[in-house]
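Trainee: Generate the whole structure from the sequences, applying the supplied hints.
Protein chains in written order, with my numbering: chain A, 1 to 329; chain B, 1 to 221.
Worth flagging that the hints you see were computed from the coordinates, not collected in a lab. Heads up, some of the hints might be wrong.
Unchecked claim - With a straight-line Cα cutoff of 20 Å, these simulated SDA-like cross-link-like pairs (lysine to any residue) come out:
1) A:LYS305 with B:ASP126
2) B:LYS189 with A:GLN188
3) B:LYS190 with A:GLU257
4) B:LYS133 with A:PHE329
5) B:LYS189 with A:PRO200
6) A:LYS305 with B:ILE132
7) B:LYS190 with A:LYS305
8) B:LYS189 with A:LEU194
9) A:LYS305 with B:ASP24
Said to hold, decoys possible - If you anchor each label on the Cβ, the simulated ranges turn out as follows:
10) A:GLU271 with B:ALA203: 21 to 29 Å
11) A:THR71 with B:ILE131: 38 to 46 Å
12) A:LEU79 with B:VAL152: 46 to 54 Å
13) B:ASP53 with A:ILE304: 52 to 60 Å
14) B:TRP166 with A:ILE304: 44 to 52 Å
15) A:LYS123 with B:LYS190: 51 to 59 Å
16) B:ILE131 with A:PRO112: 20 to 28 Å
17) A:PRO269 with B:ILE41: 23 to 31 Å
Just so it is clear, the structure is predicted and the values come from calculations on it, not from any experiment. Where is the CB? At the ideal position from N, CA and C, for every residue including glycine.
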Amino acid sequence: MIIQTKADIASSEITPKHVYDDRRKFLQQAGFGLAVGASGLLNSSLLAAAPAKAVQPKASTSLKLPNYTKTKYGIGEKLTSFDDVTSYNNYYEFGTGKDEPAINAKLFKPTPWTVSIEGEVKKNKTINIEDLLKLAPLEERIYRMRCVEGWSMVIPWIGLPLAQLIKWAEPTANAKYVEFVSLGDVQQMPGINLPILDWPYTEGLRMDEAMNPLTIMAVGLYGDVLPNQNGAPMRLIVPWKYGFKGGKAIVKIRFTEKMPQTTWMKAGPSEYGFYANVNPQVEHPRWSQSTEKRIGNGLFAGRIKTQMFNGYAEQVGQMYAGMDLRKHF
Amino acid sequence: MQVWIYENIFKLTQMLDIFGKAPDKQQLVRIKYMVFVLCLIPLSRLVWMGFNDDLGANPVEFVERSTGYWTLFILLATLSLTPIRLLTGRVWQLQLRRMLGLYMFFYACLHVITYLWLDYSFMWPDIIKDIIKHPYVLVGSAAFLLTIPLAVTSNNAMIRKLRDRWKPLHRAVYVIAILGVVHFLWLVKKDLREPLLFIAVLALLLGVRVYYSYIKPKKKA
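Mentor: Right, dumping it as structure tokens:
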């Protein structure tokens, strides 16, 4: 008879700690060492393609959110689970896989954080994240988020109206557009090593879009500070536009007279326009824009119809009156 | 550590070299069983993950990607059997070609069913619009349609029936492979590393064929 005793040593202790901690990287390197195309294929699919499951730690920050008030936005919408919101992210600074930001952003430091205000303003200035939180009362806004790739979520953001931040920034009469520049720190963001986008990530809005009451600078979700993979410590939320308009980890806000060139406009001028309003009538060369998959509805739920301006036409439609939205996509 | 890895790779290649001698009938049957089971792993994995609610936030996309990925992978495996013959003179592996080809078709079917059913819930107007408007879907659909006649004519009876026409018909696999990797390339937004790897492997496999059928004979002459 074999009497099995419980192992009194964890396998993580047998393997040298640095190798164990780096096991994913180690396996990739081992796979690469074989230098066989097939092994590379196996390696990337078997190891990297599995979706992230574990609940990821929240922002590694000392930041505490002040009290926030609930709002009428999104009442009655079924929220996308915290797990899905924090494990399925497009954040190329931390890797192009949807599961990579949750893994690679763990060590990201969202505090201390300073945002600089530049361009067409009375005077250049900076503000740190703690002071920014005091600019206006925080609000919870439950918004639909529609990704250009044809999927969507419903997320309870916490943030302040961008208009409040802009008022504080004191733009001049010349300011027609606002540019948002994200952090591009190669030390903390491994994805920046890949030259797939023109870093740092840059987005922009027309002044009236930026001042619209729907537009917020989000600093939290699900009642707490923003997790790193969702753009800690602050990110832009423009719910009637495709998700990529919402720059993450913003370090610079620049007011300009001319329309800024955004990262995705440079990456694919025929695919991504400056406006990027959710519009089921304007097709994208890759993805259907007339329907979308709601994340969290499961394998058999099918698609739902995409709404004009992501369902916010009443609040934002007038800004685009008379514009050819096929041309200005 | 590295030495250990290299030693084991060396041992592995030595073991594989047993196959340098053609396997006998019994061994070949065993190899076939092994390949048969191996090819079921990607599907088993999906089923397992599905039952454990482990397919991630976007399970449909995951199943779509995974089945598409393994379709292309097995297709490239099928196309590697002839280059192995050309480069090493071994021929026994050619006997795996039909099974691998059919497995490729099997995963392609799973991929297409996922798309039609799980992704689009058989909403035909939406599906037709998607195929017409998006080049990568169009190319992928064409590739899939081309695989059907090959699968249908893969049995012995059809091979006998088609005689001389069988081989030209089955050369369509090259078109399917090119359409397949282009389908992958056009689907990807910006990070092209994976599709480019597939394209590189396909180019290599086709390159070996081109070399042995056109360039090498000329050199001799």
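Trainee: If a hint holds in the structure, say so; if it does not, say that too.
Mentor: Right, here's what the structure says about each hint:
no.	hint	result
1	A:LYS305 with B:ASP126	holds, 11 Å
2	B:LYS189 with A:GLN188	violated, 24 Å
3	B:LYS190 with A:GLU257	violated, 30 Å
4	B:LYS133 with A:PHE329	holds, 17 Å
5	B:LYS189 with A:PRO200	holds, 18 Å
6	A:LYS305 with B:ILE132	holds, 19 Å
7	B:LYS190 with A:LYS305	violated, 26 Å
8	B:LYS189 with A:LEU194	holds, 14 Å
9	A:LYS305 with B:ASP24	violated, 59 Å
10	A:GLU271 with B:ALA203: 21 to 29 Å	holds, 27 Å
11	A:THR71 with B:ILE131: 38 to 46 Å	holds, 42 Å
12	A:LEU79 with B:VAL152: 46 to 54 Å	holds, 48 Å
13	B:ASP53 with A:ILE304: 52 to 60 Å	violated, 22 Å
14	B:TRP166 with A:ILE304: 44 to 52 Å	holds, 47 Å
15	A:LYS123 with B:LYS190: 51 to 59 Å	violated, 38 Å
16	B:ILE131 with A:PRO112: 20 to 28 Å	violated, 51 Å
17	A:PRO269 with B:ILE41: 23 to 31 Å	violated, 42 Å
When held up to the earlier numbered hints, the structure conflicts with 2, 3, 7, 9, 13, 15, 16 and 17 and fits the remainder.
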